[in-house]
Amino acid sequence: MHGRVKVKSTAQQEEEKRKEREKKLKIYVAARDACFSKRKEGIWDEGALQITQQLLSSNPDFGTLWNYRREILLHLETVKDEDEVQKIYEAELSFLESCLKVNPKSYGSWHHRDWVSTRLPRPDWARELSLCDRCLSLDDRNFHCWDYRRMVVKMSGVPVDQELAFTDRLIGSNFSNYSSWHYRSTLLPLLHPESPELPSPPRPELPPSPQTHSHRVCEEQLLKEYELVQNAFFTDPNDQSAWFYYRWLLGRAEREEMISCVFVSREEERVSVAFSRPVNAQSVGLLLLLDGKPQRVEWRSVHPRFKHSPVCICDLPPGTISDITNEHNLTVHWMDKHTHRDCALYSGRTESWCRDSATDQELFRSELSVEKTSVLQSELQSCNQLQELEPLNKWCLLTIILLMRALDPLGYEKETLAHFQTLKEVDSTRSAYYSDLCSKFMIENTILKMEYAEVRVFSISDKKLTTLCHLDQLLLVTHINLSSNQLHRLPPQFAMLQCLEVLEADNNSIENLEGVYHLPKLEEVLLKNNKISTLADLQPLASCLKLKRLDLRGNPVTQLANVESELAELLPSVSDLLL
Amino acid sequence: MATEELPSEFDVVILGTGLAESVVAAAFSRVGQRVLHLDRRSYYAANWASFTFNSLLTWIQQHHEEPQPEELHDWSSLLEEGEELIYLSNSDPASIRNLQVFCFTSEEDEEEEAPDAPNTTAAVKETSETESADSKYEETNQKPEEEEEEEEEEEEEEEEEEEEEQLRKASQTEGEEPEADQPTPTAAQSQSEPTRKKISYNQLVKEGRRFNIDLVSKLLYSRGSLVDLLIKSNVSRYAEFKNVTRILTYRHGQVEQVPCSRADVFASRQLSVVEKRKLMRYLTSCVEETEEQRAYNGRPYLEFLRDQQLGDNLQHFLLHSIAMVTEDTPTEEGLASTRHFLRCLGRYGNTPFLFPVYGLGEIPQCFCRMCAVFGGIYCLRHSVTCLLVEKETNRCKAVIDSRGQRISCSHVVVEEGSVGADRKRLATPTRFLSRAVLITDGSILPSNSDQQVSMVTVPPIAAGGLTVRMVELCPSTMTCMPGTHLVHLTCQSVGSAFEDLSPVVTRMFRTPQSHDQEKNPSVLWCLYFNMADGSEVKGHDLPANVFVTSGPDGALSHEHAVTQAESIFKKILPEEDFCPPAPNPEDIIYDGENASSTGGEDAGENASPAGGEDAGEEEEARQEA
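Residue numbers (my numbering), protein chains in the order written: chain A, 13 to 591; chain B, 5 to 629.
Chain A extracted, bound-state conformation:
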C-alpha cells in the first residue's frame, strides 16, 4: 500500500534551495579561477577544454572563456591530425547546441559556432541548416540564427529556389517577419530576373550576390508576389512588414546620373549647373568649356552650410561674357560620368539655359514606382477595396496616396489631400510627417503645373506647406509666392533659386532666412506677418546685393528700438522698407 505523502514546508524548501545555490556558486567560482590561472600559465590542454565547457554550459555568455577555448582549439589543431581535429570540432558543435538550448540568443555561442563551422575540416552544412530551421521554428525572429544561417547558405551554396521555398514556409507560418520578406526581396531578382538575357538561375557555386544583378523581378513573378502580399495585408492590415515589402515590389527607378540643367547669366558672369543628385562641388570633376576653351573656374555649392548640393555654381573670370553683342557656346563636362550638356548664349540675350524638365523625366512618378499603369491601376483598385473595409487603416491610406501619385499626381490631387487629412487624424503622433509629405507632393504638383505652363513663376500659396523641397527644380524661377502657408524657415537649399527676383512669403511663421543667401537677382522680399524677431535673422539678406524692397510688417523685429536705422546700416541697398 502506498504510504501517505507529506509535502515539505516552504521554509524547508527555501533553506534547501539556498544551500544548493551556495554550493553551486562555490563550484562556479572555483572553476572560473582555475580557468583564469590556466590561461595565464598558457596551458592549452584538453583539461582546460573540459573546465571551460563546464562553466560555459551554465553560462554561455562568458566571452573570455570562449576566447580561451578558441586559443586551445587553435593549439590543438597544430598538434593533432585531421581526423582528430574533425572529432574535436564535432564535439564542439554538439556542445554548442546544448549552450544554445540554455540561451538561444547568446552572442558568444553563435559567434563561436560560426568560428567552429568555418574551421571544421569536413563541415556538415546540411546539419547546420537543419539546426537553423529548428531554431527559427522556435523563434522566427532570432536574428543571431538568421545571421548564422546566411553564412551557412553562403558556404554550402544552397540553391536559390530552395531558399525561396524556405521563405515561403516562414511567411506561411507567420507573415509578420521582416527577415523573411527582406530575404525574399534579395532572392527574387536572382531567381526571376527582369531581363530575358538571364534565363537560368545562377549556378550554386556562385554565391548569391544581389549587387551584380538587376533589382527588378520579371513580371509574371511580380504579379504572384502582389497576390501574396495582398493576402497578407488583407488578412492583417495593421502589420507593417507586408506593407514595406509591397512598397519594395512597386519599385522605384534608379535615376540616371546626369546634368539636368545649365544656366548662364551674362550680368553676373555666372554658370549654374543642376544635377540629378547632390554632388560635391569641389570634387565632382567638372570641366567648363567656353567656346571650346577650358576655363579655370572654381565650383562651389550655393550655400556654405553644405558641400553636397544638386546645384553648383561658378563665376567666370570678369569680362569673359559681359559683352552683350557676343555669342558664346558653353559646355559643361561631368568627367566622372562621361556626360555633358551644352548651352548657347546668343547675342543680345542676358541669360540662357539648357535643361530637361521634371515632366520630361517623369521625375516624381518614377521616384514612387516604375510599374506599368495597368498594374498600378489594379493595385490601386485592391487598396481602395481594402480601404472601404478599413477606412481608418493608415498603411492602406498611405499606400493609396503613393499609388495615386504614381498614376496621376495632378488628377488625384483632391483625393490625396483628403486622405492626408484622414491620416493626420488617425495617426496623430505622425501628423508632422504627413504634413511634410503632403507639402512635398503639393510642391511636386506645382512644379508640374509650372512646367506645363512653361512659366518661371512658382506660386503655391495657401496650401498648408510645412516644408520646402525639390528647390533644385526651381533654379530658373524668377518669382516665387509662398504666402499663407505654415513655413518656419527658408532653408539653406533656398539659395539654389539663382534667378529669383521676387520672393513673396507673407503670412507664414518664418523666423529664419538662412537660405536667402547670395541670390544675385533678388529685388523684392515680402515677409509680412511672420516671426522674424532679431536683426541677426535678417543678416543673410545683406548678401543679396540687389535687394530694394523689403516688407517686414507684422514681424516682432519691427518692435525693436532703432530698427529703422539699424536696418539701413545692415541693408544699404534697400530703398523701400515697410515696417
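Bear in mind the hints are in silico, worked out from the structure with no lab data behind them.
Any given hint might turn out to be false.
Label-pair restraints from in silico Cβ distances [stated by the list, open to error]:
hint, chain 1, residue 1, chain 2, residue 2, range
1, A, 173, B, 455, 22 to 32 Å
2, B, 289, A, 177, 33 to 43 Å
3, B, 455, A, 54, 46 to 56 Å
4, B, 455, A, 177, 13 to 23 Å
5, B, 289, A, 33, 44 to 54 Å
Ideal placement from N, C-alpha and C gives every residue a C-beta, glycine not left out.
Guided by the hints, dock chain B onto chain A, whose structure is given.
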C-alpha cells in the same frame, strides 16, 4: 489473484473509473482523504476507455453476449441494528446498444489487388442481426467495379502500366514478411494510385496493439476546464498531447479546410482577399460585446451573421466550424462559443484543440494515478454490491464489496450505470449518442503532411438533419497503425448509430455502398454503436451522502464531467481546494515504512493506474526519464 483483505474503513468509496469519478478520486486523495476506487470492469476509464483493436473486439464480443442474470447474495447477515441494504446493479446493459461491425477489407493479406479484387474477396463480418445492412451489402457486391466504368483510353493505359508495376513488385516481395510491403504513411497519402494495396484484416489484428480506439470522441479546448485542471493539479505531467492541426468542414460534397488562425487565413486559397479581411475583422471584433450584438439576443446566430454581410462561405465557417452550433442557436450562445473557440486559439497551436497521445482513455487514468500517488487504493474487477444505510439518518454508513467485505465510509460516489432501475426517479427516456469508429486507409483531405489531426464538422445534409462531428486521427497520435487513419463520428441519436451515421460515411468515404468516390479514402473496418448520453443528470432516491456521476456526454468538450466532479467535491468538502498543484516528486517525503511496500494495491488484477496497458508502460517510462 491476490485475495488480501482491503482496509475496513475509508473516507470515500468511488465506484467506476470514468472521467468524473477519477477526477473526484484524485481531488479527495490529494487533500488527504482515504479513497477506495473500484471498477467492476477489467479495464480503466469505463465508457471513456480507449482500446487496442483486439481488446475492442473483446469489448464488442462482451456486449453481444446475453447479460448474465445477476446473482444476488443476501448480505443481510452483515447488517447491524437500524441498517438496511440498497443493492447496486453490477452490469450496465443499458449504456451501449446497437453494435454493428463491418469489415471492408480482405481477411488475408492480398498478393496483389486485381481490379475486381476488393469486392469479391472482401470478407464482410456482419455481427449484428440488422438485415437492412446485410442486404445493402449484397446489392453493392454485385455492383460493377468503379475502375471499369472509366472509359478514357489514356487512363486505362496508365492502369495497365501500373498493374504491371504492381505485378513486378509483388513478385519481388514474394516470400517476404507481410509487413515489408505494407503501405507506409506516405504511400497511403497518394490517393491517386488506384491499385494501392489494402491493409488486410489480419494485419489490423496483428498490429492491433498500435490502435487506441476511444469509446467517446472528444477534444480538449486549450483553455477549457479540463486543460486548466490538468495544469493546476500537475496531472498534466502524466500525459502528452498533440495539437489538432486543422479544422475541416464538409460542404458542397467537398472537404475544405476552415481558416481560423491568422496564418490559416493568410494561406487560404478558397477565400478572396476581401473575405479574408471580413473574416479577420469579424474574428477580432466579436471578442468584445457590443450593443449591436445584444440587439440580437434570442434571435438566431445565423441571422446575426447574415446581417454582418459576410457572405455564404464565411457564414458557413463561422456557424458550423467555429461556433459549432446549429442554424437556430440563439445569437448570445453562438457568440459565446465563437469567443471560446477564439480564446483557445493560439495557446498551443493553430487550432483551439488538443488530443492526448494514446487516446482519451489516458486522461481518467492520469487522474487515477494522481490519486494513487497520494494513497488512493485501486481495484479493478471489484465492485460494491450494496450500500448499508442507517435508517434513522438515511446516510450510507458502509458498503459491501463484491467479496462480501463490509467497508465503512463517509461518502460514496457511484457511476450512474451502477444505480439500479428501482432507485432512478421516473424521468424522460435516456437519450443516446450515435457513434461510429472507422479505420481508413488515408486522410479525407490529403496534404503536404501525412500526420494531420483533423476536427471535421459535417453540417446537416438537409435542413433539420443531423449535425455530425468527426475527428480524424493520424498514426502519430498513437491511436492507429501506420498507413491508416482512425476516424470517430458522433451525433445525437435519432435512430440507431448505423442509421444516423452511415449516410455520412458512405458520402465521405469509399465503402462498398458508395458510388463514384474513388478519391475518398477506403474504410477498412468500422464499428457503429449507441452510447447513453450522460449530459442529463437524473434524480435518484439515494441517501444524501451518495453521489451519482453520469457517463460521457455528447459535447466536444470535457466541461460536463469536470464540472460534475468539482461540484461533488465541493458538496463534500466545501472548505478544501479542488485539486491543488501536486508538489514535485523531489519535494514529497514518503512515509518510511510504507515507501518500499507498494504491492498491496494490486488487490485486483491489473490495478496499477495507467500502468497495466501498453500506453501506461510507455507513460511510466517517460515519467522516469
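Can you list which hints this structure breaks, lowest number first?
none
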